[in-house]
Amino acid sequence: GAGVSQSPSNKVTEKGKDVELRCDPISGHTALYWYRQRLGQGLEFLIYFQGNSAPDKSGLPSDRFSAERTGESVSTLTIQRTQQEDSAVYLCASSLAFTGVRGAQHFGDGTRLSIL
Amino acid sequence: QKEVEQDPGPLSVPEGAIVSLNCTYSNSAFQYFMWYRQYSRKGPELLMYTYSSGNKEDGRFTAQVDKSSKYISLFIRDSQPSDSATYLCAMSGSSNTGKLIFGQGTTLQVKP
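In order, the protein sequence lines correspond to chains A and B.
Note that this note's numbering has the first sequence beginning at 1, numbered continuously upward.
Note that this note's numbering has the second sequence beginning at 1, numbered continuously upward.
Chain A extracted, bound-state conformation (with noise of 0.2 Å):
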């Protein structure tokens, strides 16, 4: 069946400019996660969405950053005024459940995001 899956696959954009990242989760994945990976880094949580619940934004480093879900289906990461150091993958996971082996996170391949 499908993976997650994410476009653009990468991006380069000028600084200044605003970004919008897409991701479509496993279909019936209720759980729905977006990670930053610098180069050579592990994964840094930025948000996630459970259901109808309140997202968690704790991982967000600014607000320049917001994401929103509809439903259980796809969600876009938007990053305004982009900054060199905002330069990374940007990647997108989802889940059965919360919890559990129903819980174990599944990755799409990423947006590769260059700032100029």
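Any given hint might turn out to be false.
Per label pair, the in silico range of CB-to-CB distance [to be verified]: (1) A/9 x B/68: 36 to 46 Å; (2) A/8 x B/66: 24 to 34 Å; (3) A/70 x B/78: 42 to 52 Å.
Below, a list of computed lysine to any residue pairs in the SDA-like style, where the Cα atoms sit at most 20 Å apart [claimed, not checked]: (4) B/42 x A/7; (5) B/42 x A/10; (6) B/99 x A/10; (7) B/42 x A/22; (8) B/99 x A/58.
Simulated from the structure, these hints should not be mistaken for lab results.
None of these values were measured; they are calculated from a predicted model.
Cβ coordinates follow ideal geometry from the N, Cα and C atoms, glycine included.
For this one, chain A is given, so just place chain B on it according to the hints.
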């Protein structure tokens, strides 16, 4: 100090060797422990998922968790060139959050 520490390597071994990858952590609330494999320019792929202390085996892979020492390991037996990748440990705590805390990742190269 980072919550999860992982030696970045790189680690280079000959084909057929036993590989040991490790992470230490500081937060005693962590209960769920995972190992992911990440190939270049790909997303992380879940290899092992363990709850609390103990061992779990899946084919050539064995995951160990020692909560008393705050130490987790992944062993790869009969390593293959196709195992060459970055291995990331990840963990999470109580049941009311799915947020994962990742180690930096260890780059492994298995030479034919």
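*In rising order, the numbers of the hints this structure does not comply with*: Those not satisfied are hints 2 and 6.
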